[in-house]
Amino acid sequence: MDKIAWVTDSTAFLNNELRNHPHIYQIPMTIIMDGKEYTDGVDLTPEELYASLKTLDTPPKTSQPSIGAFRELYENLQKDYDCIIAVLVSAKLSGTVSSSEQAAQLVDIPVYSIDSKILSYPLTRLVLKGMELAEAGLDIKEIIRRLEALRDTGETYVLIGSLEQLHRSGRMSGVQFFLGSMLNVKPIISVRDGELSVKEKARSERKAKDKIVNLLRGAHERKLLKEVFILYGLHPEEAEEWKRELQEEFNGVKFGCYSLGATIGVHAGENTLGISWLNGLE
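At position 260 of the sequence shown the residue is numbered 260 (full-length UniProt numbering), and the sequence of numbers has no breaks.
Just so you know, the hints here were simulated from the structure itself, not pulled from any lab data.
Treat each hint with caution, since some may be false.
Here are the computed lysine-lysine pairs in the DSS-like style, where the Cα-Cα straight-line distance is at most 30 angstroms [said to hold, decoys possible]: (1) LYS226 <-> LYS201; (2) LYS201 <-> LYS211; (3) LYS186 <-> LYS207; (4) LYS254 <-> LYS211; (5) LYS61 <-> LYS186; (6) LYS201 <-> LYS223; (7) LYS254 <-> LYS201; (8) LYS209 <-> LYS186; (9) LYS36 <-> LYS92; (10) LYS207 <-> LYS54; (11) LYS201 <-> LYS129; (12) LYS79 <-> LYS61; (13) LYS223 <-> LYS186; (14) LYS3 <-> LYS226; (15) LYS243 <-> LYS207; (16) LYS54 <-> LYS254; (17) LYS226 <-> LYS211; (18) LYS79 <-> LYS54; (19) LYS226 <-> LYS129; (20) LYS54 <-> LYS223; (21) LYS223 <-> LYS209; (22) LYS201 <-> LYS186; (23) LYS226 <-> LYS243; (24) LYS201 <-> LYS61; (25) LYS3 <-> LYS54; (26) LYS223 <-> LYS254; (27) LYS186 <-> LYS54; (28) LYS199 <-> LYS61; (29) LYS141 <-> LYS207; (30) LYS199 <-> LYS243; (31) LYS226 <-> LYS209; (32) LYS3 <-> LYS141; (33) LYS141 <-> LYS79; (34) LYS201 <-> LYS92; (35) LYS254 <-> LYS199.
Hey, can you work out the whole structure from these sequences and the hints?
Below, the structure is given as structure tokens:
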């Protein structure tokens, strides 16, 4: 059986156990604030990011890992592994997959770069599923085929904490921002085929959350869900409160709460709250 190194980027949620896992490697994004560069998860935490956002002179930016950073990591991994599977943030939101693919051409170990079409914990869950499949003895091609099939069953709906931040980061048009901010509309942002789009709009956060729960309810009625991921910006207590509400209705579903991290926080804001699941997860 091939010895596989699993690589992801810092938009993925890794707890302490996963950060210390011997076969998982996380390559960080760069966050630029007022001309100074920070390494996501290394010298900048989400708490530090959100505190800094209130005093910045210019909108913060994010930068994907360089080809050189991937190459250096892959060259180190080729000493101990037979191949590398890199599960990375959506290619429509970042050039990270492209950097990995170009670095793969410069090293002597097979590298399989997978566009997760997502970010945060759903991305992490794909990595974990891939490791489960490898443990079960599946070959590399079958692991990749199953991960890509599972990826395409995902649904993600998010209430953005700061429309202004999303607009300033270039992820929302001026018209959408104007309508949302001036009319007090809460747009429900979906991640569909790897990119952001407005799924629905509501007049309040409560009504928006009810709409998202209806989407979850419909998916659960079509096929019983095993796991649901609640995603949050800075405030875990809001996520935990929503988790308690959902657990009352959806018995037997495992709910978890996961931070979106600093890189996503640059675009979304500290009060962001979302929900995600993989319909094909067995």
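Checklist line | Restraint status (C-alpha distance of LYS226 to LYS243 at most 30 angstroms) | finding: Roughly 15 angstroms between the alpha carbons, so the hint for LYS226 and LYS243 holds.
Notebook entry, point to check: LYS201 and LYS223: Cα distance at most 30 angstroms?
Noted result: Judged against 30 angstroms, a Cα distance of about 26 angstroms means the pair holds.
Item checked: Restraint check for LYS3 with LYS141, where alpha carbons must lie at most 30 angstroms apart -> Satisfied, since the Cα-Cα distance of roughly 14 angstroms is no more than 30 angstroms.
Note to self: Check whether the Cα positions of LYS54 and LYS254 lie no farther apart than 30 angstroms.
What the structure shows: Since the Cα atoms of LYS54 and LYS254 sit roughly 35 angstroms apart, the hinted pair is violated (cutoff 30 angstroms).
Margin query: So if I understand the rule, the pair passes when the alpha-carbon distance is 30 angstroms or less; does LYS201 with LYS129 pass?
Written below: 33 angstroms, violated
Next item on the list: Take the C-alpha atoms of LYS79 and LYS61, compute the straight-line distance between them, and say whether it is at most 30 angstroms.
Entry: 35 angstroms, violated
Margin query: Given the hinted pair LYS3 and LYS226, is their Cα-Cα distance within 30 angstroms?
Written below: Measuring from Cα to Cα gives roughly 29 angstroms; hence the hint holds.
Note to self: Please verify whether LYS61 and LYS186 have alpha carbons no more than 30 angstroms apart.
What the structure shows: Roughly 24 angstroms between the alpha carbons, so the hint for LYS61 and LYS186 holds.
Notebook entry, point to check: When you check the alpha-carbon spacing of LYS243 and LYS207, does it fall within 30 angstroms?
Noted result: Holds. LYS243 to LYS207 sits at ~17 angstroms (cutoff 30 angstroms).
Item checked: 30 angstroms Cα cutoff - pair LYS223, LYS186 -> 28 angstroms, holds
Notebook entry, point to check: Does LYS226 pair with LYS201 here, judged by a C-alpha cut-off of 30 angstroms?
Noted result: 28 angstroms, holds
Notebook entry, point to check: CA of LYS223 to CA of LYS254, is that 30 angstroms or under?
Noted result: Holds: LYS223 and LYS254 sit about 15 angstroms apart, inside 30 angstroms.
Hints 11, 12, 16, 18, 20, 25, 29, counting from the list given before, are not met by this structure.
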